[in-house]
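First to last, the protein sequences are chains V and S. First residue of the first sequence: 558, per the working numbering; consecutive thereafter. First residue of the second sequence: 558, per the working numbering; consecutive thereafter.
Any given hint could turn out to be false.
As the list claims (entries may be wrong) - Using 30 angstroms as the maximum straight-line C-alpha spacing, the simulated BS3-like pairs for lysine-lysine come out as follows:
no.: 1; chain 1: S; residue 1: Lys681; chain 2: V; residue 2: Lys681
no.: 2; chain 1: S; residue 1: Lys630; chain 2: S; residue 2: Lys569
no.: 3; chain 1: S; residue 1: Lys737; chain 2: V; residue 2: Lys630
no.: 4; chain 1: S; residue 1: Lys583; chain 2: S; residue 2: Lys630
no.: 5; chain 1: V; residue 1: Lys583; chain 2: S; residue 2: Lys737
no.: 6; chain 1: V; residue 1: Lys639; chain 2: S; residue 2: Lys737
no.: 7; chain 1: V; residue 1: Lys583; chain 2: V; residue 2: Lys639
To be clear, the hints were calculated from the coordinates, so they are not data collected in a lab.
2 protein chains.
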Amino acid sequence: MLQRNAPSSIVKRLPVYLRILDNLIKKDVEIISSRTLSNQTGFTAEQIRKDLAYFGAFGTRGTGYNTVYLREKLLKIIGLDKETNVIVLGSGHLGNAFGRYNIIKNPYIRVVGMFDVDLEVIGKRVEDLHIEHFDKMSEVIKEHNVKVAVLTVPAEQAQYVVDELVKCGITAILNFAPTKLNVPKNVHVHNTDLTIELQSLIYYSSSEEEGIN
Amino acid sequence: MLQRNAPSSIVKRLPVYLRILDNLIKKDVEIISSRTLSNQTGFTAEQIRKDLAYFGAFGTRGTGYNTVYLREKLLKIIGLDKETNVIVLGSGHLGNAFGRYNIIKNPYIRVVGMFDVDLEVIGKRVEDLHIEHFDKMSEVIKEHNVKVAVLTVPAEQAQYVVDELVKCGITAILNFAPTKLNVPKNVHVHNTDLTIELQSLIYYSSSEEEGIN
Chain V
558 MLQRNAPSSI
568 VKRLPVYLRI
578 LDNLIKKDVE
588 IISSRTLSNQ
598 TGFTAEQIRK
608 DLAYFGAFGT
618 RGTGYNTVYL
628 REKLLKIIGL
638 DKETNVIVLG
648 SGHLGNAFGR
658 YNIIKNPYIR
668 VVGMFDVDLE
678 VIGKRVEDLH
688 IEHFDKMSEV
698 IKEHNVKVAV
708 LTVPAEQAQY
718 VVDELVKCGI
728 TAILNFAPTK
738 LNVPKNVHVH
748 NTDLTIELQS
758 LIYYSSSEEE
768 GIN
Chain S
558 MLQRNAPSSI
568 VKRLPVYLRI
578 LDNLIKKDVE
588 IISSRTLSNQ
598 TGFTAEQIRK
608 DLAYFGAFGT
618 RGTGYNTVYL
628 REKLLKIIGL
638 DKETNVIVLG
648 SGHLGNAFGR
658 YNIIKNPYIR
668 VVGMFDVDLE
678 VIGKRVEDLH
688 IEHFDKMSEV
698 IKEHNVKVAV
708 LTVPAEQAQY
718 VVDELVKCGI
728 TAILNFAPTK
738 LNVPKNVHVH
748 NTDLTIELQS
758 LIYYSSSEEE
768 GIN
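Just chain V, with the same shape it has in the complex:
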């Protein structure tokens, strides 16, 4: 049985390993040690061994991991061994960046729909997609068996859109709207707030000489 309850800290690192393995395989590298993976990721070798051991015994002690074998296992663990269909809500700059995903990224993820309520943008083409009205969402979700949605709508509309998504059977949401979403327990929300990322970065840029009192 596939565990779906791995700690999110581990899950977030798996695609990082995958990307490095992709590059290594392109360069015909067959074996990689946790130490080399550590150099390329910035995570400690111990952390990497623990992360991978969580899912099984994929390496050989003193040698390392077979790149092709580990890549295949990771694809399966993440769920990228088969195509995953994704929809994008909102067609602003961020939505567009995801809409262009099909062309520029990898073969595992396919954006099958992009939705908005603004009549001015509906019908416009983003790569191989046309922006559709929000009303068409449930149809597209059903047709393509979509479970994953990227939410780039304004904060005020986010909860309403999410309620609709959940009704349609979406179970994983990448949320860029700057608001906390309420969802049932079986739905996983991953919040990525670019304002908050930028604000927390500013902490590190502030002068060290200044006091707070």
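Start from chain V and add chain S according to the hints.
For chain S alone, coordinates are given in the frame of chain V:
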């Protein structure tokens, strides 16, 4: 003396508290308990109390935090009590999303320059900015005393651009390029990789019934 070595896990939560305080103050709420903050953030009340206590005694036991006071303290801790100038490298969809930041977001952060090497886009207007050639970067950094940069260039160009940024005195980089950057110890890089965010989310959407062997 202001500590700049707070754990990044705490630093990332500070802007979340700040946003909630902004909303509460708009609604004339004067006091907030850690329990209410917990409801609004999804972090535990204990976590919130620990986070804030890291920087000082801002609350009153049994009562809570004064919203205006706590907000002022947080602004100072993060470094948002004065305007911070930011530049954006790369003018694709993601770069554009940040270029529009001045209009749509808050008064603390100001994007003062947007740079690209593509002659087709240089000179184009993004809100109150014009996209400038990469060569103009050091001038703008000096003029506006910029310490923070948002990197949205392709992976292959990222390290070169970062080396230039570091030479110009940038100390905090929000990196969207899907690659690990090498920087001196005094430079803080915050990696946000949208592909990796999406891939790790797919883990949670995969069917629980499938085995990996």
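Hints, verified against the model:
1. Among the hinted pairs, S/Lys681 with V/Lys681 is consistent with the structure: their alpha-carbon atoms are about 22 angstroms apart, no more than 30 angstroms.
2. At roughly 16 angstroms between alpha-carbon atoms, S/Lys630 and S/Lys569 fall within 30 angstroms of each other, so this suggested pair holds.
3. Proximity of S/Lys737 to V/Lys630 is assessed by CA-CA distance (about 23 angstroms); at most 30 angstroms being required, the pair is judged to hold.
4. For the hint pairing S/Lys583 with S/Lys630, the CA-to-CA distance comes to about 17 angstroms; that is within 30 angstroms, so the pair holds.
5. For the hint linking V/Lys583 to S/Lys737, the alpha-carbon distance of about 18 angstroms falls within 30 angstroms, and the restraint holds.
6. Between V/Lys639 and S/Lys737, the direct Cα distance comes to roughly 27 angstroms. Compliance with the 30 angstroms bound is thereby established for this hinted pair.
7. Distance check on the hinted pair: V/Lys583 and V/Lys639 sit about 20 angstroms apart at the alpha-carbon level, within 30 angstroms; holds.
In summary, the structure agrees with every hint in the numbered list given earlier.
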